[in-house]
Amino acid sequence: MRGRILLLVWSVLLAPWSAWACTLWAVAGTQAGGGTLISKNRDWVPDHWQYLKKVSPKTGLKFLGLYAEGNNAPGLKAGVNERGLSIVSASSNIPRSVREAQPDKHGIMVQVLSGYSTVRAVLDDAALLFSKSRANFFMLSDRRMVVQVEVGLDGTFSVKSRDSGSLAHTNHYLDPALAALYNQKIGTSSATRLNRIQTLLGQQTELYTLDQFSAFSHDQHDGANNSLWRSGREHTMASWIVAVPAQGAPRLRVLLANPGQQPSTHELLLDDAFWQATAKTGY
Numbered sequence: 051m052r053g054r055i056l057l058l059v060w061s062v063l064l065a066p067w068s069a070w071a072c073t074l075w076a077v078a079g080t081q082a083g084g085g086t087l088i089s090k091n092r093d094w095v096p097d098h099w100q101y102l103k104k105v106s107p108k109t110g111l112k113f114l115g116l117y118a119e120g121n122n123a124p125g126l127k128a129g130v131n132e133r134g135l136s137i138v139s140a141s142s143n144i145p146r147s148v149r150e151a152q153p154d155k156h157g158i159m160v161q162v163l164s165g166y167s168t169v170r171a172v173l174d175d176a177a178l179l180f181s182k183s184r185a186n187f188f189m190l191s192d193r194r195m196v197v198q199v200e201v202g203l204d205g206t207f208s209v210k211s212r213d214s215g216s217l218a219h220t221n222h223y224l225d226p227a228l229a230a231l232y233n234q235k236i237g238t239s240s241a242t243r244l245n246r247i248q249t250l251l252g253q254q255t256e257l258y259t260l261d262q263f264s265a266f267s268h269d270q271h272d273g274a275n276n277s278l279w280r281s282g283r284e285h286t287m288a289s290w291i292v293a294v295p296a297q298g299a300p301r302l303r304v305l306l307a308n309p310g311q312q313p314s315t316h317e318l319l320l321d322d323a324f325w326q327a328t329a330k331t332g333y
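Residues 51 to 333 in this note's numbering are what the sequence shown spells out, letter by letter.
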């Protein structure tokens with residue numbers, strides 16, 4: 051086992067660094083009006099298509115997901131279920147070849163969305179869920195709290211939760227123990243975007259709103275390659291924001307910036323009528 055761990059760490063040190071960028075941030079408590087907001091800017095090479103799809107599993111909860119199709123990493127990228135539980139993800143700075151060389155690890159987002167009603171329930175099963183996940187970064191929210199999860203190799207993970215205040219993440223490890231193992235190289239963009247979103251969150255003195263989170267999403271303070279909204283080596287392909295009030299139905303705002311098309315914004319009230327309606331694909 052020790053030899054295998056050393057081999058994996060050595061692979062991380064030697065492998066070329068690459069990670070498709072995303073920026074995640076969330077807020078809970080008083081500054082969110084007693085509820086929560088969670089957001090993801092999804093950055094990738096603009097070589098594929100994205101769409102929203104409502105999923106009704108044979109067993110479990112319905113959910114609405116942001117899906118990618120047509121590139122080398124298709125699938126679910128963000129989602130929210132009928133109980134208001136949302137999950138978003140961002141790539142780890144561990145090289146993709148190393149992350150995928152763990153046949154016993156898998157994606158967990160569908161499992162979370164279809165199987166859990168609250169963040170607390172996810173945390174109760176954290177050891178079961180995240181120890182089986184590929185190396186990745188996640189942020190989750192419900193009506194009461196937001197959580198950040200960093201997953202490393204061999205089942206290692208860390209959790210940070212907030213029922214008041216904010217969280218932010220990009221594409222390198224923030225937990226000291228995991229950072230010591232895996233942050234052999236931190237990308238300039240990842241560090242710059244983290245600093246920028248933390249600065250924007252820190253400057254806010256009034257209630258956070260969907261409009262405020264949208265403004266953060268479109269921030270271009272640091273140029274084409276390092277801003278929250280990117281148009282350089284990678285493009286910001288989507289903005290995903292879920293606002294869950296202290297009372298009432300969640301609201302989702304998604305901007306899709308698919309290649310060759312004008313950006314399109316979709317704002318949905320995720321009430322009982324929405325979830326009971328016939329499933330729809332391609333919003």
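Simulated from the structure, these hints should not be mistaken for laboratory data.
Keep in mind that a hint or two might mislead.
Lysine-lysine pairs mimicking DSBU-like chemistry, simulated, CA-CA at most 30 Å apart [to be verified]: (1) Lys108 <-> Lys182; (2) Lys155 <-> Lys104; (3) Lys235 <-> Lys210.
Here are the simulated distance ranges between beta carbons [as the list claims (entries may be wrong)]: (4) Ala323 <-> Pro226: 44 to 54 Å; (5) Gly252 <-> Ala327: 34 to 44 Å; (6) Asp154 <-> Ala274: 19 to 29 Å; (7) Lys235 <-> Asn122: 33 to 43 Å.
Since the model is a prediction, treat every value here as computed from it, not as a measurement.
Note that beta-carbon positions come from the ideal geometry of N, C-alpha and C, so glycine has one too.
Against the structure, the hints come out as follows:
A C-alpha spacing of about 23 Å is found between Lys108 and Lys182, which places the hinted pair at or below 30 Å, so the restraint holds. Only pairs whose Cα atoms come within 30 Å are accepted, and Lys155 paired with Lys104 is accepted, the gap being roughly 26 Å. Simply put, Lys235 and Lys210 have alpha-carbon atoms about 23 Å apart, close enough for the 30 Å limit, and the pair holds. Take Ala323 and Pro226: their Cβ atoms lie about 46 Å apart, and the range 44 to 54 Å holds.
Look at Gly252 against Ala327: about 40 Å separates their beta carbons, and that is inside 34 to 44 Å. Between Asp154 and Ala274 the CB atoms are about 39 Å apart, so this pair departs from the stated range of 19 to 29 Å. Between Lys235 and Asn122 the CB atoms are about 22 Å apart, so this pair departs from the stated range of 33 to 43 Å.
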